[in-house]
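S.K.: Sequence:
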Amino acid sequence: ANLSYADLTEANLEGANLTYARLGKSVLKDADLVWADLTGAFIFDVDLTEANLEGADLTKAYLSYANLTKAYLTKADLTGADLTGADLTGADLTGTDLTAADLTEVSGIDCSMLAQSINWETSFRDQHRECGEPIPTKK
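Numbering (our numbering), first residue to last: 1 to 139.
Warning: the hint list may mix true and false statements.
Quick list of in silico lysine-lysine cross-link-like pairs, BS3-like style, CA-CA up to 30 Å [unchecked claim]:
1) K29 / K70
2) K70 / K25
3) K25 / K138
These are computed hints drawn from the structure, not numbers from a lab.
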C-alpha cells in the first residue's frame, strides 16, 4: 500500500497488515498500530508522535528520521530496522527487540532507555552510546 504523505492522525490500524507499505512523510500522530505488521515498511520522516506500536512487527523497516517522540514501542520487534536520525525522546522501549537495529544518529535515547529493551547490545549505535557493551561492526 502506498500511504505516503497521508494524514492518519489518530487512525485505528490495530493488527493491520502494512507489510512493505510506503508511509514516507505521513502523519500518524496518536495512531493505534498495536500488533500491526510493518515488516519492511518504508516509514521515512514520518510523524509517529505518541503512536501506540505495542507488539508491532517493524522487522527491517526503514524508519530513518521518524519522529517517535513519546511513542509506545513496548514489545515491538525492530530487528534489523533502520532508525538512523530518528527521534526517540520519551519513547517507551520496554521489551522492544533491537536486534541488529541501526540506531546511529538517533536522538532522545540514552543507556537507561536501551537497558529497558532487549538485544540492544547487538544494535549499531554511536560511540557515546556504547553503554558498557562493544558496538558491533556493520557488514
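S.K.: Now tell me, hint by hint, if it's right for this structure.
M.R.: Going down the list of hints, with the structure as the test:
1. K29 / K70: The hint holds at about 10 Å.
2. K70 / K25: Given pair K70, K25 holds - Cα atoms ~18 Å apart, limit 30 Å.
3. K25 / K138: holds, 27 Å
When held up to the earlier numbered hints, the structure conflicts with none and fits them all.
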